[in-house]
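Colleague: Listed here are the chains, written in short residue letters.
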Amino acid sequence: MLTIRTRFVMIGFLLLGVLSGLFLGYKGGIVIKTAGKEMLQNARQNSEDGSPVTSISITVQADEQDLLFDQLRHFAQKNFFAIRIIRRLEPSSAYDIEMWREDVHIGGSFHLDSGELGLAFLRNHFEQRPPQPIPLAVFDDVRNDLQSFVSEIPSATTTEKRHTLVITTNKDWRNEELLEPMKALAEKHSLEYEFSFYGSDQCLLIDIHGEGYHITTHDCERDTLEDINIDFYLDYHKNPTAQSEEKLDTLLDELRGLFGNSDNATVNEEP
Amino acid sequence: MLAKRPKLFMTVFLFLGGCIGILFGCGLALFIGKTLPIEKSTTPVTPLPNLAIRNITVTIDPKLKDELFARLENFADEWRYAVLIAPTNSSEIEYIVKLYRVDMKMTGSYYADTGVLELGFYNTRAIGQNPERYFDDELKDLKSLISEIPNSTFSVKK
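So the sequence lines, in the order shown, correspond to chains P and F.
So the first sequence is numbered by this note's numbering: it starts at 1 and just counts up by one.
So the second sequence is numbered by this note's numbering: it starts at 1001 and just counts up by one.
What the hints contain is simulated information worked out from the structure, not anything from laboratory work.
Values in this document were obtained by computation on a predicted structure and should not be read as measured data.
Certain hints may be false.
Unchecked claim - When the alpha-carbon atoms are kept at most 35 Å apart in a straight line, the in silico DSBU-like pairs for lysine-lysine are as follows: (1) F:Lys1157 with P:Lys78; (2) F:Lys1065 with P:Lys33; (3) P:Lys27 with F:Lys1007; (4) F:Lys1034 with P:Lys78.
Unchecked claim - Covered by chain F, per the in silico footprint, the following chain P stretches (three or more residues, Cβ under 8 Å): (5) 26 to 39; (6) 80 to 89; (7) 118 to 129; (8) 164 to 170.
For glycine and all other residues, C-beta sits at the position ideal for the given N, C-alpha and C.
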């Protein structure tokens, strides 16, 4: 039989254990929470470093490839970029293009079959991070200058993404719900409308083409719910026309309205 | 039992209490605790020194400038460097020469009036630590390319 004193001592020991545990546990929890937050911050920072700040997409006729490469070299020389253009191994007919400066890295490829040049502008994270972040204006200037060099090529057409509609679907969503509004929009404005299947017919690709602009989207059969992006592009030689810009804005509003009637999707514009 | 071994049970109670406390304390911290201030990965105001691993000096007959540039471009192609050779101003006396790769880079100038090319060979990252033999292997190749230019000299300093 325990004496009252022994019982109190035991309860005291239990309480002492709980209190010390609480103190240690709280401190440990704070350290764990801080470490988690720090890891998240670092991961975000790294992904920002590795993701393009801006990009450019230009199409030229395949027979103007040499002229394109000359223009890229002139641009690199003017802006003090080291440049490397290298053909990929056969049977690929694509070229990899890289340009390096202490602050900016430009990387991408040129596909001979389609005449498409795609370049991304990134921070050069192989160099030391400068004390101040590189202003976005630097990227804009470099991009605009590159565009002006390439637009010297007679057949050059710049493709610029202006808007993206993000369709968030629910489990009742069907492919047809993407097809119908797109088709209705194309028919209403007498635009060229194409759809095709790829990836063993698992994916649907839809394109609408107009004078100086195009709209494109794709949707694949999937097990999980994912957003569908509808991208609105302007296509121009040196500068977009006001007419095509206006038309693309109109189409954006109309398509948003058409998807707005669906019970299985919500529509938002990507900022 | 409890009465027979009170010391043992006191220790067990202390340990048990500790475990319960740690569990609740940790949970409490994760839900309502404020994180410690995180030190931002601050960029040093003064950049880390990135000293050249090798310094190269090439001299040629100034009339053979184009041949030198062609050989530098061949070398860049062979070793997968992006390359820049451009006059720094309209007088075309000084040319900036850059060979860039994600791990190693060469930067320097060529002086058209004297026919001297000065290049530093660096790790691209200031904290990068490529073995020195990597630099020497590539320099051996550069030296053999440059030596094909008549009356050229090639020297390397550590």
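Colleague: Do at least three Cβ atoms from the region 80 to 89 of chain P come closer than 8 Å to Cβ atoms of chain F?
Modeller: Result for this restraint: holds, n = 6.
Colleague: Under a C-beta cut-off of less than 8 Å, do 3 or more residues of the region 118 to 129 of chain P approach chain F closely enough to confirm the stated coverage?
Modeller: Answer holds; 4 residues pass the 8 Å Cβ test.
Colleague: Can you take a look at whether the region 164 to 170 of chain P is actually covered by chain F? Rule is 3+ residues, C-beta closer than 8 Å.
Modeller: violated (count 0)
Colleague: Using a Cβ cutoff of 8 Å, are there at least 3 residues of the region 26 to 39 of chain P near chain F, or does the coverage claim fail?
Modeller: Answer holds; 11 residues pass the 8 Å Cβ test.
Colleague: Mind checking the alpha carbons of Lys1034 of chain F and Lys78 of chain P for me, to see if they're no more than 35 Å apart?
Modeller: Violated, at about 51 Å.
Colleague: Compare the distance between the alpha carbons of Lys1065 of chain F and Lys33 of chain P with 35 Å, and conclude whether the hinted pair is satisfied.
Modeller: violated, 61 Å
Colleague: Is it true that the CA of Lys1157 of chain F sits at most 35 Å from the CA of Lys78 of chain P?
Modeller: Judged against 35 Å, a Cα distance of about 31 Å means the pair holds.
Colleague: With a cut-off of 35 Å on the C-alpha distance, tell me whether Lys27 of chain P and Lys1007 of chain F pass.
Modeller: holds, 29 Å
Checked against the numbered hints given earlier, this structure breaks hints 2, 4, 8; the rest are met.
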